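Chain Z is fixed; fit chains S, U, D, A and C onto it per the hints.
Here's the letter readout for the chains.
Number of protein chains: 6
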Amino acid sequence: MIEANLDDQTGEGLGYVMDQLLTAGAYDVFFTPIQMKKNRPAIKLTVLGNPQERAALTKLILAETTTIGVRYQTWQRTIMQRHFVTVATPYGNVQVKVATYEGIEKRMPEYADCAQLAQQFHIPFRTVYQAALVAVEQLNNEDD
Amino acid sequence: MIEANLDDQTGEGLGYVMDQLLTAGAYDVFFTPIQMKKNRPAIKLTVLGNPQERAALTKLILAETTTIGVRYQTWQRTIMQRHFVTVATPYGNVQVKVATYEGIEKRMPEYADCAQLAQQFHIPFRTVYQAALVAVEQLNNEDD
Amino acid sequence: MIEANLDDQTGEGLGYVMDQLLTAGAYDVFFTPIQMKKNRPAIKLTVLGNPQERAALTKLILAETTTIGVRYQTWQRTIMQRHFVTVATPYGNVQVKVATYEGIEKRMPEYADCAQLAQQFHIPFRTVYQAALVAVEQLNNEDD
Amino acid sequence: MIEANLDDQTGEGLGYVMDQLLTAGAYDVFFTPIQMKKNRPAIKLTVLGNPQERAALTKLILAETTTIGVRYQTWQRTIMQRHFVTVATPYGNVQVKVATYEGIEKRMPEYADCAQLAQQFHIPFRTVYQAALVAVEQLNNEDD
Amino acid sequence: MIEANLDDQTGEGLGYVMDQLLTAGAYDVFFTPIQMKKNRPAIKLTVLGNPQERAALTKLILAETTTIGVRYQTWQRTIMQRHFVTVATPYGNVQVKVATYEGIEKRMPEYADCAQLAQQFHIPFRTVYQAALVAVEQLNNEDD
Amino acid sequence: MIEANLDDQTGEGLGYVMDQLLTAGAYDVFFTPIQMKKNRPAIKLTVLGNPQERAALTKLILAETTTIGVRYQTWQRTIMQRHFVTVATPYGNVQVKVATYEGIEKRMPEYADCAQLAQQFHIPFRTVYQAALVAVEQLNNEDD
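Protein chains in written order, with this note's numbering: chain Z, 1 to 144; chain S, 1 to 144; chain U, 1 to 144; chain D, 1 to 144; chain A, 1 to 144; chain C, 1 to 144.
The following block holds chain Z by itself, in its conformation from the complex (with noise of 0.2 Å):
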């Protein structure tokens, strides 16, 4: 986990950076709204990604934002197993993320899948999603 704060940087600059990052290799990168000092509002950058990667996320972070300096630090995961099926919606096939750990099972819709088939069907997403969580629901109760 790569940590940085940020008073001297735009709105702009930092959505722009996010992407640089996702691209770099990252895991996951998100912003914290935090408050410093002299009535400045900030953003503190927190990215993770393999230790592997620290130092190229590092330079990137350097190289693309104003801060001076990044604070670092490795965190344990604890990571599900994960496989995908596919379920039929009346709208179409969607991709469902199974996620399993020690006798818990969890299956969820992908978002990709759901967002597609409502722009194509001129529909809420919510309709898709539920639609999709039925046929999961369904899928359950079949297996067992």
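It should be emphasised that the hints constitute simulated quantities derived from the structure, not laboratory data.
Some hints could be false.
Pairs involving identical chains hold if they fit within one copy or between any two copies, as the list cannot separate such chains.
As the list claims (entries may be wrong) - With a Cα cut of at most 25 Å, we get these calculated DSS-like pairs of lysine-lysine:
#1 Lys37 to Lys97
#2 Lys38 to Lys97
#3 Lys97 to Lys59
#4 Lys44 to Lys97
#5 Lys59 to Lys38
This structure is a prediction, so every number in the text was calculated from the model and none was measured.
This is chains S, U, D, A and C only, laid out in the frame that chain Z set:
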């Protein structure tokens, strides 16, 4: 109430503009963290002021920030009556704001007085503030 | 809509006042983190309520918080028609809110019912909620 | 200005609805983190648009989100006059927005042009942006 | 400290999981508003707990939320010594937490006691809290 | 990095403690809005400092705030080399921070100098800042 969304302004510049607006006569100025399009973290600037000052405050916002427009609207206000009394604490006198409204009475130690005594005596701010609250309560009891 | 900025109130006291305002008949009460002068993090309290209740809600805010004034303004509202139906899930019945407006129809499981069944059966909230969504969809299909 | 509080909507769905509202002609769409009853973190959705578009934008919000109501109110706006000029940087041309209002004149490089050149030349966004600011200043000086 | 970023979870579900985690023995649970890719407002869930409870708390997070992974790390803590004393206010007894550390001593009225008396006497929370602070100060003075 | 969650501290007191911590030698102090149990909005205080100063900074936090404990952990840092140069603008000299790291070089006008000149000449902060950026770029070009 005047508002502007700022996504291309630095936090440094925002701290500066808060000071300028307060100096120019705004009742209050505050920042709210918001999230705009294209993954841009941004700040909503809100300025409360006398309607007669709206043109001057608007011009100051347009001159000092990167926004190309502001929005505004008149809100009504309900304000308590206020006067000040002085109470004695072990560390010296503290001004107390007394606010009243339809049978409600609140007495609140002034921040600046407590902060100044805390620094003078090298004691926690909390210690002076609580001493002032005690003095306020005793004042309350003598009044009854 | 009634608003007040609070920079000399504790979070404990704010949790308390939210309860009081909801009990007193506010439609909704919410907190927004803001940043005020002198490096003070603060909270904007927003209370939505019936205009007839404004005087009572104002008095409650002035009595329970440290603010010495509130601001207010009337907003218009567009509200969907609502009624409730009950659906059966494997874990028991769940009330479903049905909201309609100009051809839009949304059916949403009630939080409280799902939470209660999740606790009763020692299963995740998500499991009950998704089961209720499935039952809702089947209700939709029967209607067509 | 149209607002809705959303405590039963996912962040994924909110990213989707922001795109839909901008496509439908909203001037601006932004999210503010708020805190609602029952320990629920939530998002306030704010949509700025032409009053003539209010009915259409309201219907889109009700269709795409889980809210059962929106609130709205007309704000006045003060907007600077705008036109565009083109400046030459070492990396290519950049459009510059020139905004004027009662003697104030601001010239701001367009984000999209700077971002595109930064990606083309594999250089930091900041480098292009500052080069554009320099070109803008030189334009200012020639004007005098 | 266990953390997870949640962009596909509703606020309703998050209020529920906070209760579950506190019931399961977490020291503390809190939410931080963050901003993730694709214009998604999200919540960072942070859980503080005994390292021995980490596996159980992790499993609860994975079961109750939509995240497919958590990250964690051990932090050191410096905690003040605590004991409770009871003080008398005009409204009844209030427990006071006394915390000490290397010559620092803080005495803080318990929230729950103040809230309960405020409701019982139909008086502001602030009134009871300040009365308890006064009683605490008097306790301080008797000690000297 | 030292952190404490504060739900029974006022914003006034927090502005005071930020000043105290910076005076005591902290590298940086910032506030993050968080949401704690029982509907309490709260602030996470983060203090960055030299590990040798940890005991002193911890004691200051415990003395000045209402928290009964802090948590801490050591982070590694990557910091750019820095030196200052002076550039001439039409309004006077401005110090420019030059930061370098593995081939990256950034030159950033000092906030305090720009703010002072803006106030002296009654011109927008942005005007001085951009003039300093232009002077910085010209310096860059002369260097090549």
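| query | Checked against the structure, which of the hints given earlier come out wrong? | reply | none
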